[in-house]
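Novice: Listed below are the residues making up each chain.
Protein chains: 2
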Amino acid sequence: MHTDDVTSERAPLIVEKQFFTFAEGEDKMMLESGALLGPVTIAYETYGTLSPKKDNAILVAHAFSGDSHVAGYYSTDTEHDKPGWWDSVVGPGKGIDTDKYFVICSNILGSCMGSTGPASINPETGKPYGLTFPMVTIGDMVTAQKLLIDHLGIKELLCVIGGSVGGMQVLEWCIRFPEMVRSAVPLATTMRHSAMAIAFNEVARQAILADPNWQRGDYYSTTPPHMGLAVARMVGHITYLSDEAMRRKFGRRLQDKSDFSYEIDVDFEVENYLRYQGSKFVQRFDANSLLYITKAADYYDLTSKSPRNSAEMDFSLSKARFLVISYSSDWLYPTYQSKELVQALKRAGRDVSFCEIEADAGHDAFLIPDKRLQDILTGFLDGISRNH
Amino acid sequence: MHTDDVTSERAPLIVEKQFFTFAEGEDKMMLESGALLGPVTIAYETYGTLSPKKDNAILVAHAFSGDSHVAGYYSTDTEHDKPGWWDSVVGPGKGIDTDKYFVICSNILGSCMGSTGPASINPETGKPYGLTFPMVTIGDMVTAQKLLIDHLGIKELLCVIGGSVGGMQVLEWCIRFPEMVRSAVPLATTMRHSAMAIAFNEVARQAILADPNWQRGDYYSTTPPHMGLAVARMVGHITYLSDEAMRRKFGRRLQDKSDFSYEIDVDFEVENYLRYQGSKFVQRFDANSLLYITKAADYYDLTSKSPRNSAEMDFSLSKARFLVISYSSDWLYPTYQSKELVQALKRAGRDVSFCEIEADAGHDAFLIPDKRLQDILTGFLDGISRNH
Chain A
378 MHTDDVTSER APLIVEKQFF TFAEGEDKMM LESGALLGPV TIAYETYGTL
428 SPKKDNAILV AHAFSGDSHV AGYYSTDTEH DKPGWWDSVV GPGKGIDTDK
478 YFVICSNILG SCMGSTGPAS INPETGKPYG LTFPMVTIGD MVTAQKLLID
528 HLGIKELLCV IGGSVGGMQV LEWCIRFPEM VRSAVPLATT MRHSAMAIAF
578 NEVARQAILA DPNWQRGDYY STTPPHMGLA VARMVGHITY LSDEAMRRKF
628 GRRLQDKSDF SYEIDVDFEV ENYLRYQGSK FVQRFDANSL LYITKAADYY
678 DLTSKSPRNS AEMDFSLSKA RFLVISYSSD WLYPTYQSKE LVQALKRAGR
728 DVSFCEIEAD AGHDAFLIPD KRLQDILTGF LDGISRNH
Chain B
378 MHTDDVTSER APLIVEKQFF TFAEGEDKMM LESGALLGPV TIAYETYGTL
428 SPKKDNAILV AHAFSGDSHV AGYYSTDTEH DKPGWWDSVV GPGKGIDTDK
478 YFVICSNILG SCMGSTGPAS INPETGKPYG LTFPMVTIGD MVTAQKLLID
528 HLGIKELLCV IGGSVGGMQV LEWCIRFPEM VRSAVPLATT MRHSAMAIAF
578 NEVARQAILA DPNWQRGDYY STTPPHMGLA VARMVGHITY LSDEAMRRKF
628 GRRLQDKSDF SYEIDVDFEV ENYLRYQGSK FVQRFDANSL LYITKAADYY
678 DLTSKSPRNS AEMDFSLSKA RFLVISYSSD WLYPTYQSKE LVQALKRAGR
728 DVSFCEIEAD AGHDAFLIPD KRLQDILTGF LDGISRNH
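For the record, the sequence lines run as chains A and B. Just so we're aligned, residue 378 is where the first sequence starts under my numbering, counting upward by one. Just so we're aligned, residue 378 is where the second sequence starts under my numbering, counting upward by one.
Keep in mind that a hint or two might mislead.
Since the list gives no way to pick out one identical chain from another, each pair is judged satisfied if it fits inside one copy or across any two copies.
The calculated SDA-like cross-link candidates involving lysine to any residue, where the alpha carbons are at most 25 Å apart (straight line), are [claimed, not checked]: (1) LYS504 to THR423; (2) LYS723 to LEU529; (3) LYS430 to GLY411; (4) LYS626 to THR680; (5) LYS394 to MET406; (6) LYS532 to ARG569.
Read the hints as simulated data drawn from the structure, not as lab findings.
The task is simple: from the sequences and hints, build the whole structure.
Specialist: Right, here's the structure in full:
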């Protein structure tokens with residue numbers, strides 16, 4: 378696999394998490410389910426400089442467990458601080474060039490990284506929402522982002538880009554606010570969550586529900602369901618990798634030993650890796666947010682959702698140019714699902730390019746530094762800017 | 378997919394579970410790990426009639442959660458009694474024809490369906506073994522089967538056949554007791570458990586270990602870890618199906634409702650199916666057995682296991698004719714792994730046929746009634762019998 382390290386040698390971006398609150402008082406946000414939610418806070422970060430015409434803004438939509446910290450560092454201590462989750466793509470001179478573009482990334486509604494979610498305080502009770510938090514959809518996440526973009530005074534986004542659940546948000550942007558999106562790059566995503574994808578999410582949810590510490594979501598003043606959440610993360614992690622990636626990464630290598638333990642214990646590196654991923658995740662993520670966001674992904678279906686009739690109808694109002702990207706070893710949202718999206722866009726008369734990137738890293742490939750993705754994005758965004 | 382129902386119209390087989398106990402007293406069984414185990418009981422069933430020359434015996438090795446009840450019924454009440462797990466394949470006039478062959482199926486060591494396993498009484502304590510049960514390997518399971526075959530007075534098996542973990546047993550038979558196996562049919566299996574297969578098993582184990590009722594395996598007089606075991610089964614179930622099979626079986630159909638619930642609840646049929654599979658499984662299977670058997674599968678590796686050097690060396694003493702069968706949509710043990718097995722057998726100079734069956738049912742395809750499998754087995758076994 379060709380994956381040059383494209384880390385820039387320029388000074389790192391130092392960013393700050395910001396917050397935007399709306400739907401305060403009587404003016405609550407109406408969700409797709411019909412429920413009302415308010416106040417709503419959206420955590421976000423911006424990179425680069427907004428042009429005087431405000432025509433160089435790019436919105437990056439993050440995936441399921443991501444956050445607003447797409448690139449750069451929170452402090453100048455870059456040796457100990459961790460860079461943003463897509464630092465290989467977003468930055469000065471990178472695929473999404475912050476010397477040219479004003480990049481915005483906001484934490485999704487329902488998450489736990491600064492935006493309002495089930496761990497937030499319910500103003501009616503003074504206690505965390507837990508399961509009284511209303512179900513939010515991908516559409517609701519996008520509506521909240523739109524209010525943030527309005528707040529920033531931006532009338533049109535040069536591009537909306539995102540992978541996985543972020544890709545669903547990209548599509549939803551083109552449907553809900555077609556006049557605001559000049560171009561769209563959905564990566565490693567799908568128009569419709571498959572039965573298999575739903576099944577994996579359901580197992581992850583059941584792992585949390587099976588943890589007695591979950592207590593029907595009311596655990597914010599007690600011990601959180603860390604065991605269940607860790608198992609849920611392990612399930613997810615397998616779906617993000619591929620058979621090939623695991624073989625390359627772990628094979629059947631044993632963990633710190635020369636022979637089998639012949640006990641119910643860690644023998645293989647892959648076991649140790651999964652346990653580590655599970656235990657690391659519980660330190661940063663809220664179990665209820667996992668329940669809500671996986672459910673939002675499962676609900677996602679552009680092809681049959683009432684009151685819409687078809688994806689073609691959905692995309693008919695969009696004026697965006699599309700670049701659809703899939704990865705050859707992604708079995709969570711396989712290439713055939715990206716091709717279905719391309720077909721729907723073409724039937725709707727849209728301008729669409731499609732690129733399948735050969736990579737053996739599975740679904741996670743879009744997060745891994747890769748010169749090819751950089752070059753594709755640079756070329757596509759340059760074209761969009763020029764035609765402006 | 379072509380899957381004729383091949384249920385015979387002849388009177389059903391009525392069978393009885395039998396038990397064979399060995400390694401009693403001082404004469405314990407030495408396991409691959411070096412541990413001693415005894416007494417050992419093996420539950421088994423037989424079908425058809427052993428020929429006077431005892432040369433028509435076929436051993437069927439079951440998969441991970443299977444049992445000795447491969448075919449027929451335990452009572453004449455065939456409307457309410459459930460047939461054996463491979464009743465479509467084993468019976469009068471079927472692919473493994475009980476009019477011609479004497480079929481034996483035994484429950485594997487470490488299981489909980491009649492053979493000795495972690496739920497059995499440890500004679501030293503008078504209490505169930507739990508985690509004091511020694512780790513057993515695929516090789517140990519086969520050694521126990523061999524003692525049963527000896528007990529039945531059979532010197533040579535016409536065929537050893539099995540899918541999945543049963544297929545690993547087939548391979549192990551050819552290596553441990555090469556002079557006793559005339560032909561071998563490993564289906565939907567692998568020479569070596571992949572990192573991805575280990576990863577799924579590890580998540581299943583972690584789901585059990587995360588259940589506080591598990592109590593380090595000592596739950597036989599308390600509430601068993603049913604929640605964890607159910608989640609473990611759900612993980613397994615996804616790996617047995619395929620993307621296509623799930624789409625065909627469930628798609629995104631909603632469960633008993635016309636719209637989303639917008640709650641952390643069952644919305645989709647596939648969710649309901651998984652929960653049902655999980656809850657059904659806990660009624661019949663022991664959580665500790667799952668831990669032990671998945672670990673045995675994970676340990677399985679013909680290609681690098683000490684003191685062996687290679688699969689070729691392993692198979693060099695075998696005189697069996699091999700028929701290797703894989704299924705096109707099996708992503709747990711994909712076709713490329715069966716092809717690796719075929720290559721290893723060829724390099725060892727073995728007579729091997731290979732067949733990939735086109736089927737969209739995933740790993741479970743080998744358990745689903747399929748006329749093609751019947752015909753292949755009939756032809757292969759007729760050939761072996763004729764050459765006898």
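Novice: Next, verify each hint and record whether it holds.
Specialist: Cross-check of the supplied hints:
Taking the shortest Cα distances, LYS504 and THR423 never come within 25 Å of each other, neither inside one copy (31 Å) nor across copies (64 Å). Taking identical chains as interchangeable, the C-alpha atoms of LYS723 and LEU529 are never at most 25 Å apart, the minima being 32 Å within one chain and 68 Å between chains. Neither within a single protomer nor between protomers do LYS430 and GLY411 lie at most 25 Å apart by alpha-carbon distance, with minima of 36 Å and 76 Å respectively. When the C-alpha separation of LYS626 and THR680 is checked against a cutoff of 25 Å, the pair qualifies only between copies, where the shortest distance is 18 Å, while the shortest distance within a copy is 37 Å.
In this assembly of identical chains, LYS394 and MET406 lie within 25 Å of each other by CA distance solely inside one copy; the values are 23 Å within and 64 Å between copies. In this homomeric assembly, LYS532 and ARG569 never come within 25 Å of each other (Cα to Cα): the closest approach is 29 Å inside a single copy and 57 Å across copies.
Checked against the numbered hints above, the structure violates hints 1, 2, 3, 6; every other hint is satisfied.
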